[in-house]
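Q: Here are the chains, one letter per residue:
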Amino acid sequence: MALLGGVTSRTWDAIVIGAGHNGLVAAAYLAKSGLRVLVLERRARIGGIADTVEIAPGVMAPGIIPTVGRLRPSVVRELDLRAHGLRLIAPDVRVFAPQPDGRAITLWADLDRTVDGLRSLSIRDAAAYMEFERSVRSLGRFLAELNAATPPDIRAARLSDALAGLRLGRSFRGLGRADARAILRVLPMAIADFVAESFETDALRATLATRGIQYTAMGPWSAGTTGVFLNDAAGNDGGAAGPTVYAKGGPGALSAALARAVRAAGGEIRTDAEVIAITTAADRANGVALVSGEEIAARIVVAAHDPKRVLTGLVDPVVLGPGLRWRAANIRTPGTVARINLALSGTPRFAAAGDGPDAAQRLRARIVIAPGIDYLERAFDASKYGRLSEAPYLEATMPSLVDPGLVAGAPAGTQVMSIHLQYAPYALREGSWDDRRDELAEMAVRTLEAYAPGLGSLVTARQVLTPLDLERDHGLSGGHPYHAEPSLDSFFLWRPLLGHARYRLPVDGLYLAGSGAHPGGGITGQPGQNAAREILADWRKRRS
Amino acid sequence: MAERYDAVIIGGGHNGLVSAAYLARAGLRTLVLEQRHVLGGAAVTEEVFPGFHFSVASYVVSLLRPEIIRELDLPRHGLDILPLDGTFTPLPDDYLWRVNDHGRTIRELRRWSLSDAEAYEEYGRLMVEMARFIKPILAMVPPDPTGLDIRQFAPLAGLAAAFRRLPDKQQAIFIQLMTMSAADFLRQWFETEPLIATMAASGIIGTFQGVQSPGTAYVLLHHYMGEIDGAFRAWGIPRGGTGAISNAIGSAAREAGAEIRLEAPVERILVRDGRAVGVVLASGEEISAASVLSSVDVRRTFLGLLEPGTLEPGFEAEVRRFKFRGSSGKVNMAVDRLPDFRCLPGQGEHLRGAISFSRSVDDMERAYDDAKYGRWSRRPYIDMIIPTLVDPSMAPPGKHVISCFVQYAPYHLDPSLGTWDDNREAFGDAVIDRIAEDAPNIREIILHRQVLTPLDMERTIGLTEGNIFQGELSLEQLFFNRPVPGYARFRTPIRDLWLCGSATHPGGGIMGANGRIAAMELLRARAGRKVA
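Quick note, the sequences are listed as chains A and B, same order. Numbering-wise (this note's numbering), the first sequence opens with residue 1 and increments by one. Numbering-wise (this note's numbering), the second sequence opens with residue 1 and increments by one.
Simulated from the structure, these hints should not be mistaken for laboratory data. Please note that the accuracy of each hint is not assured.
As the list claims (entries may be wrong) - Reference excerpt, derived from the structure (chain A facing chain B, CB under 7 Å, subset only):
#1 Ala164
#2 Leu166
#3 Leu168
#4 Arg177
#5 Met189
#6 Arg325
#7 Asp381
#8 Gly499
#9 Arg502
What the hints assert, rightly or not - Chain B is faced by these chain A residues, among others (derived, beta-carbon under 10 Å):
#10 Gly58
#11 Arg181
#12 Val186
#13 Leu187
#14 Met218
#15 Gly224
#16 Asn330
#17 Lys384
#18 Leu497
These figures come from a predicted structure and were not determined experimentally. All C-beta atoms, glycine included, are put in the ideal place defined by N, C-alpha and C.
Work out the full structure: start from the sequences and follow the hints.
A: Right, here's the structure in full:
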């Protein structure tokens, strides 16, 4: 095997499997600290879910996740991503939620402006929004600290863990008694209940609630969705509306900047290099084997793809043992998200956006189609029975409006619309996603037509990514963009598995740096950053 | 005010009576005030139709704490619990029948799936271990996590130590039980749809959740915590119905010197200078007491029985936020013959246990989907018991009573449906239709039918929104959040006013733990005060 494939001359300190954003973040931190790092990417391109793809000649669209507002500021700062070409664009508007009755909810970056707008909806809700914003930010700040922390070791409580525990304890008390009690009460709550405690308008409740169910296989009445909601903006300047931030050049530009940071620090990145096994000696990871037959040795291996795939696919079951293999196989990855990218011959007109400068502004937002809590719950219901939602929850963005460069190579007036569609359950009861791809696109366009008449006639090209595509092309188990469901049973101390939440997998020298680790999915870079910190701590111990 | 009591207890349900018994045994001058003409609250037996006796609301028992049975010597006071054997799930052309005889159950499961039969053994062992680990929580006074009193955390620390001693897999399973949905949890072991659906059903009893809703797995444990004569997993019905439990506890309380007054509804809790000093009855009679314990739910206690403006607004807001959302109904039937099941004809043993109408997870979920949008389930989930097969005294010779627990029946109906008074009989018909799918003779054998909607349970028993647990058992309303964050220790913002009902930790079901812990806490507080 080795002879056939040939063994690379040099051995590496660390091999990172997967050049998604978390893999690249971890690799960059390790390389900056002097480790000799090799990143191996199965696909021909880097970026994973943070990618920019050409869907028609000269028309660039986001790969899977369209905005990067959750990216941790410390990652940008410490990896010097601006110097490596990252440019972030934050429009004045965060969310535009057109309603069937022609009205709209608009959440602006400017809080006062948002509240002014809400008055036309409900004086009471407008008044409540300020306090809601405050409490969401307060609880989010605490969660941000939780997210940046490594879950403590529940077995041997070491001093360092005790100290970390104390730090969290302090910030918990820092919340003040009211908010401290609040977070313990609301984290496991259903988002529908949480928003109902503050607001009376169904449309506003639903618009806000979407961030509690996005990328999950849960509905607004599912317990724990409030935790997902609070996490979505944790730390970043999200607040109640959530962040809306674009990367110039699309999400792929973030990955490119990260790749530059890796290379600048001396790391190497290889694409078209699929790992089929993590090799071990004396129960310790000592390298990887590629599909090509090539074997690459390394002192440690860092997996940035999903933990189910790592533990059930790449690790020798004998080394893992039956108990852990059973638990790993039961990690829940119910994908429910499809993405539809459209090339448009012009800018669609949303009736509810009004006219004038504000109308143009509103289309730069995340355009949320969620006219009511029941609407969202019904969309979810279909997925429970393996059906596509008849009336899906959509979140559309038009990145080319804030970043014309994306369509520079296309005919004048061309725009890109990227649509997040939920629920499209990975496990269909009827047919396969390969046969139902068009159905998804038509469903998305038909749903939007009700708010933007004539949208369909503007479509010149389209690209559809089903959960099946996410699994096949991106290696996401169950097509879950978050690697593991962000539910209460996969949180903090027990994400991905209780006893293995500290970025160290059950095999010595094998680490997890992807979204399957605490604090979970989305483009944050936090798992990669946390994992790198732990890896380096072990590294220094072994060296000393 | 003529007499003065050490403790007056509002509500003669099982928890109120347990508190009374423990306080009286400690020498306190104790009075229980029950609004109805019968004792027991939701644990009550009534002769609804001449000769036919029903456990009108609560109908089975498994969680009644053994220490209460022991300490109050309930068997001597007439408590006699008869085991219910097994769970029978009728299906269109087959059935799933699990009994207490393990070997028989495994053989039955092998008909369905060899791997399920194998997993069932391992699963059972695991659940018993988990039940052993969790049991102490049922007797625990929840700490206030935002409080600074370290002593409160002592019991929790002990639990944490015990947790660390558990094997990895059991630790992981415990977390899953606290966070997962019953169906997802069970799918880790089983593939047989009726088995998963029937086991998962126990996770949604009395809650406004579906079997696939996160947070429903925990209740699966209760089936393994039920201890009747120390036998794990056994469920039973008291001879004479669940009212017999209340009467036994009541008799124990009286023997210890407690007074119990029926048809004595409380109008107000008297508060002077921020402390409870007694109660006023609807009759106008004033009764003064050193302590007032309320075993009724928080909405009735704080918003119904207190002079408006007594409570600090923050606390009142929390009380208003507390979720009830009754989701279940009862259909009680007097029949002159036994139901005959298409899939297993005749009057066999399969009728002596629980009969669970839960064919598949999809069926259960669809029943829940109706409720989410304010409709009662068109094809509801039904848990049927025929008590007369184990306790013939409940009906005239040869006749039977059938008790059906039905979900979902949401208290808040979609306005387009009208009120529950408009829907009661249609709901009852839906239950009969569902039963008839599997036991077609049901229509011919019914002599009388009583349909209890959540509205009826609120009216007659006084359960707010008809919630049988005095408040939704959702994660955010458990342990130190039950009933209100910061007030999970049976005390209230009003000095000498205590809670001792299902609205407190550890929640509902005929458990009695709430009433017992509350009494213990009150006694500790009094002792402390004497010392000081």
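Q: Hint Arg177(A) vs chain B: min CB-CB distance below 7 Å?
A: 5 Å, holds
Q: Close enough to count: is the Cβ of Met189(A) nearer than 7 Å to one in chain B?
A: Holds - the Cβ of Met189(A) comes within 7 Å of chain B, reaching about 5 Å at its closest.
Q: Regarding the hint that Gly499(A) lies at the interface with chain B, is the smallest CB-CB distance below 7 Å?
A: The hint holds - Gly499(A) has a Cβ within 7 Å of chain B, the shortest such distance being about 6 Å.
Q: Is the interface hint for Leu166(A) satisfied, with its Cβ closer than 7 Å to some Cβ of chain B?
A: 14 Å, violated
Q: Given Ala164(A) as an interface hint, is the shortest Cβ-Cβ distance to chain B below 7 Å?
A: Violated - the Cβ of Ala164(A) stays beyond 7 Å from chain B, reaching only about 17 Å at its closest.
Q: Is the interface hint satisfied for Asp381(A)? The criterion is a beta-carbon contact with chain B at less than 7 Å.
A: OK, holds: Asp381(A) within 7 Å of chain B, min 6 Å.
Q: Per the CB criterion, is Arg502(A) less than 7 Å away from chain B?
A: Cβ of Arg502(A) sits 14 Å from chain B, so the hint is violated.
Q: Should the interface hint for Gly224(A) be scored as holding, given a Cβ-Cβ cut-off of 10 Å against chain B?
A: This hint holds: Gly224(A) lies near chain B, its Cβ roughly 5 Å from the closest one there, short of 10 Å.
Q: Quick check on the hint: Asn330(A) CB to chain B CB, less than 10 Å?
A: 5 Å, holds
Q: Holds or violated: is the Cβ of Val186(A) closer than 10 Å to a Cβ in chain B?
A: 7 Å, holds
Q: Can we keep the Lys384(A) interface hint, with Cβ of chain B closer than 10 Å?
A: 6 Å, holds
Q: Go through the hint on Leu187(A) and say holds or violated, using the shortest Cβ distance to chain B against 10 Å.
A: For Leu187(A), the interface hint holds, since the closest Cβ of chain B sits about 8 Å away, which is under 10 Å.
In summary, the numbered hints that this structure violates are 1, 2, 3, 6, 9 and 10.
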